[in-house]
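J.: Chains F and E, in that order, give the protein sequences.
Sequential numbering of the first sequence, starting at -2, is according to my numbering.
Sequential numbering of the second sequence, starting at 768, is according to my numbering.
FYI, nobody ran anything at the bench for these hints, they're computed from the structure.
Treat the numbers as computed from the prediction; the structure is a model and nothing was measured.
Keep in mind that a hint or two might mislead.
Coverage of chain E stretches by chain F, computed from C-beta distances (three or more under 8 Å per stretch; other residues unrestricted) [what the hints assert, rightly or not]:
1. 832 to 844
2. 983 to 993
3. 1142 to 1149
4. 1164 to 1171
Under 7 Å between C-beta atoms, here's a sample of chain E residues computed to sit facing chain F [unchecked claim]:
5. Glu772
6. His1114
7. Trp1158
8. Gly1212
Beta carbons are placed, not taken as given, at the ideal position from N, Cα and C, and that holds for glycine.
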Amino acid sequence: MELTRRDAAAALAAIGATGGVALGVRRTTGGADSGAGGPDPSSDGAALSDEAVREAMTAVARVVYPEAVSGVDAFVGGFLDGRLDGSAHAAGVRAAAAEVESAARSWYDSPVTDLSPAERDGLLRELGADVADENPDGTTAERVRFFVVNELLLALYASPTGGELVGIENPQGYAGGAESYRRGPP
Amino acid sequence: MSGAESVGNERSDGGDAGRDVNRTPVPDADVCVVGAGPAGALVADRLAADHEVVVLDAGPRFDPADRLARQERAIRPFYGRPDVWGGGGARDAYENAGDRSYPLNHARVKGVGGSTLHWQGMVMRLHEDDFNSGTARGVGPDWPIDYADLRPYYAESERELGVAGASDNPYAPPREEPHPMPAFEPSYSDSLFAEACEELGIDMHSVPNARNSEPYDDRSPCVGYGTCQPVCPSGAKYDATVHVERAEEQGATVIDRAPVERLEHDSDDRVTGAVYATPDGERHRQAADAFVVAAGGVETPRLLLLSASDRYPDGLANGSGHVGEFFMDHLFAGAGGTLDEPTRQNHVGFYTSACDQFYDEADETQAPFKLEFFNYAGPSPVEMALTGDDWGDSLLERLRDGYGTHVAMGGLVEQAPDADSRITLADDRTDDRGNPVPRIEWTVGDRALDTIERANEVQVAILEELGADVEWVAGPDATGPAYHHMGTTRMSDDPERGVVDADCRTHDLDNCWIASSSVFPTSGAMNPTLTIAALALRVADDVDARLSETN
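Chain E on its own, in the form it takes in the complex:
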């Protein structure tokens, strides 16, 4: 079906497109997974061969045939970012109560595949010190696991997602084998940056992409649509539908449009059922032996808080009182301008070079940060063409003036955990089913803000060395979130200090795991999805082991 508006509104319409969908609970399920994003999909895929697995997702199952129409939505100015994947509205309502506004529905996709449907696909490993931030940097707690614990799972995740990368980054943590695919070659603009960086003694290196640089896993290599974020029509960019489909092929059941409203438990501290709604207005209860909550950094704590009971009046798995606390994101730092020569931007929607040189300088006053050399600086001509009151020759002249000489750098900065930065339930606002919406209090501390300034200094120095006319700097006052929700059900060996243990199993409930960036005690400054994937595979192994013990 052609046309941006030909895609239905998945929030409110029937949405099943003639499919005869059975959304009733699966009898005798071993494992119930809440959320069909990357974490839930990987857990389901890993367990489906040997266990009866059911996955419940609040959002729809998107038709792959609609991806070009979604791409059109991404380009056309009428549509906002949440419209691309049908986000927003009463289903996805939330409220902000902190000193910074958090654009939650720009930061997630609800549906089968989750936020990997709109992500950019950057997949770095956290550094060794990220797991020991308290000891190494004097900030936040140490994780109860080390890099060495995750290292084999990182390698496996890179194979599962399909990562194109190279071993040319001297600042990356140790790895045991090459990436599954060769890295994307540096861009033309990378070559311009390289000269400036060499002058300044700043190292550039490749960057790992969850995007096919060659055919991989029966998926296409990148064909250069240039709209990676928010939609890849070719399937070259990994998204979690890959593992959802694989799980289903092994017998897992995936139920879409099935928002879980609460988890029920028994008197033996075991979760017994997930109560979910369906589009026909019915409510169902999925029983299982094990539950894995994989609903992201906002909906995961919200579900636990919605599941409060007489036995757990402050919310499920909340004996520590920390559910929802320590909400973190990565802060964006950037700068850009123009050169007096062509820079060849916006051919692709991902970047190919980065700089991790300053990452491990981190201490109590400076957060870890990384730098990115953009291949998509400045405006996209086709998007420019659809706005303005001109056409014909005058439009072409405006496009030629506006496109062609931009350069820009980005960067991500770690936010230290802060209990006052948190997700709670709204007092008097409910979603389309009458459940309190998440209330976001997002607070960013001085260490992160100061580090943004430090990142800006490096970025501006590089741009000036390059000869750029620096036209914008996204500093502490203009920073925003990178849409990485982390920290809200933190991991700790101590039940008083964390929600889950080192195996990502909740301290309070024996058969409940959390697979999400919500378990990160500290965030580092690397994009979180590869770590989410590694933890999810580790969770699956633990679930499998415990189910095997039980049986």
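Extracted from the complex, chain F is given alone in its bound form:
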């Protein structure tokens, strides 16, 4: 089942993006981001460009998303176009992605994007993101769970395609109209 830009837009509509930031118009290419929305250098990881954040998040998405979905690159990219704004949340995403990247380089001597799917899965579990409860102010594991793993899962399962995977085309958080609840199963 293919994730589309519509799904990314739906996920953003569900959980918010800075007003005025349209999908696909805020992609920063190369170089460390600057200003209030930049990465948090206090984290364990080195600062990442927004492009590197996207690549790391996409690499993680390929592990935490089911194999049944395609179009992950465009979906995650579109979603992050709206999410990586100047908010505290965006700073948290950048910092947590940098921590994942830093762990990949330290433990696997490789950027997360170059790890095999099994290695990426192992990396996330070694970080503790599988058993951690999400917490934006918590340990590395809890922040990776909040800003990386759950960020991506929230985007997927609040989108119509993600919902359809489970059997609900209008999942909670998605403004899918007030008609679907009346329809019987397909």
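Add chain E to chain F, keeping to what the hints say.
T.: Positioned in the frame of chain F, the structure of chain E alone reads:
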């Protein structure tokens, strides 16, 4: 601003977001309203055109642009229910002292809009016998007003809030006109329930929603976000910011983050001022000719008790000694399970069918109760996805296993008034400003508990007829409150038996009204907000009439 944690903590941060906010008292105010929830907002809106009105609210003015971030808080497991609207902490501290714990900060929102910001938006009229519970059922006092007294105000409230409903409920009290909007159509799962109910001779009917089924009052129709409770990002669900904004457009002044700490009075039994705090640590005094306390069923009695004086040593308006007593809520009764077929749940966050068939069977031993057919039984997949130690294909498999075949019913049961169920002031615990916090002693009697069992019997019978594998029953041991605070400043013609009179004006103070479910002498089993709204409009008319007489 995106992200759940991008929403500030309204309790402790500056919170004015660059706004230049003037929180000084309004000169020459005619009316001071305490509380910007639905009651206060409706009173202010109705009076603002002809009077100088000021509204003081303890909580903040929420930025509508933050609603998606609040929705994210509602979905993400890190955030508890009070976090969605910034509740809890020292500002909202309370203590429980009864035999049942009451989760007060799950049950209210402090701020402009009040608890309608997180409510589900169900708006039924009380039944005729609810106003005559003592005579008709032998339980509690009769109200000093009848259904007929409120009937035109109910109709007006339905227009004000915007209610989607139909006249297909044979058990509803008489009404004179259709609802302002057509009812939401029944859900797919309603159609499954309908077959079982027909077999059992149980009637289903539509249910009135304060939620737009079509564009209304310049607000969107429902777009199906599915998070009605605790936040509607689209504005299709009514909340009291509608009337706050309307009141402000007519000239009313609304001051947020201005908790009223006490009401002052003169020697002529008139309230003269509301003393309130502001975030800069200052205290101010708002004078007015009339005061309307609309702070809900807990903070209203607390404010009266905090306002004790030499003349009123037991608290303001407490000549009867009943301020804080008879604290009631509706009790939840429910049951649910799974079918061996899809049930299409969690597309929307409200229900579309109900059963009031058993409501008026009530007597001395059985309380009135109503039944609800849920459209949100079982887990929401997106919420499930954010917990657990799996991802990828194994997570999807878990979601598919967990979602899709649930069914559930809910119901509300009346709690009889009991003086020992009450709100008082804590002896040795204070809030962030040093004022004693509310102490809650919530007691539920056998009549309500027995009625929960009766409701469960009907629910389980329907579910079994439906072929469900019944997996849970919320009975007397598992019941909880529906977050409807009622009864703590009861209405009575007799100053010895009540705090306010039939006009919701306090017996002891000539220029002080209470607009709240706190005035309910008995609670019925219908969600209270439409009755709160009707009473608020009636209060506004009385305030207007008396101010006109004075002038």
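J.: Please check whether His1114 (chain E) passes as an interface residue: C-beta within 7 Å of a C-beta belonging to chain F.
T.: Result: holds, 4 Å to nearest chain F Cβ.
J.: Interface hint check: Gly1212 (chain E), Cβ to nearest Cβ on chain F, cutoff 7 Å. Holds or violated?
T.: This interface hint is violated because 37 Å lies over the 7 Å limit.
J.: Count residues of the region 1164 to 1171 of chain E with a Cβ under 8 Å from any Cβ of chain F, then say if the count reaches three.
T.: holds (count 4)
J.: Mind checking, does the region 832 to 844 of chain E have 3 or more residues with a CB under 8 Å from chain F?
T.: Holds, because 8 residues of the region 832 to 844 of chain E bring their Cβ atoms closer than 8 Å to Cβ atoms of chain F.
J.: Hey, does the Glu772 (chain E) contact hint survive, CB to chain F under 7 Å?
T.: This interface hint holds because 5 Å falls under the 7 Å limit.
J.: Count the residues of the region 983 to 993 of chain E whose Cβ falls closer than 8 Å to any Cβ of chain F, and tell me whether that reaches three.
T.: That given contact holds, which follows from 6 residues of the region 983 to 993 of chain E lying within Cβ reach (below 8 Å) of chain F.
J.: For the region 1142 to 1149 of chain E, do three or more residues have a beta carbon lying closer than 8 Å to a beta carbon of chain F?
T.: Since 4 is at least three, the answer is holds.
J.: Should the hint that Trp1158 (chain E) touches chain F count as held when the rule is a Cβ pair under 7 Å?
T.: holds (4 Å)
When the structure is compared with the earlier hints, a violation turns up for hint 8 alone.
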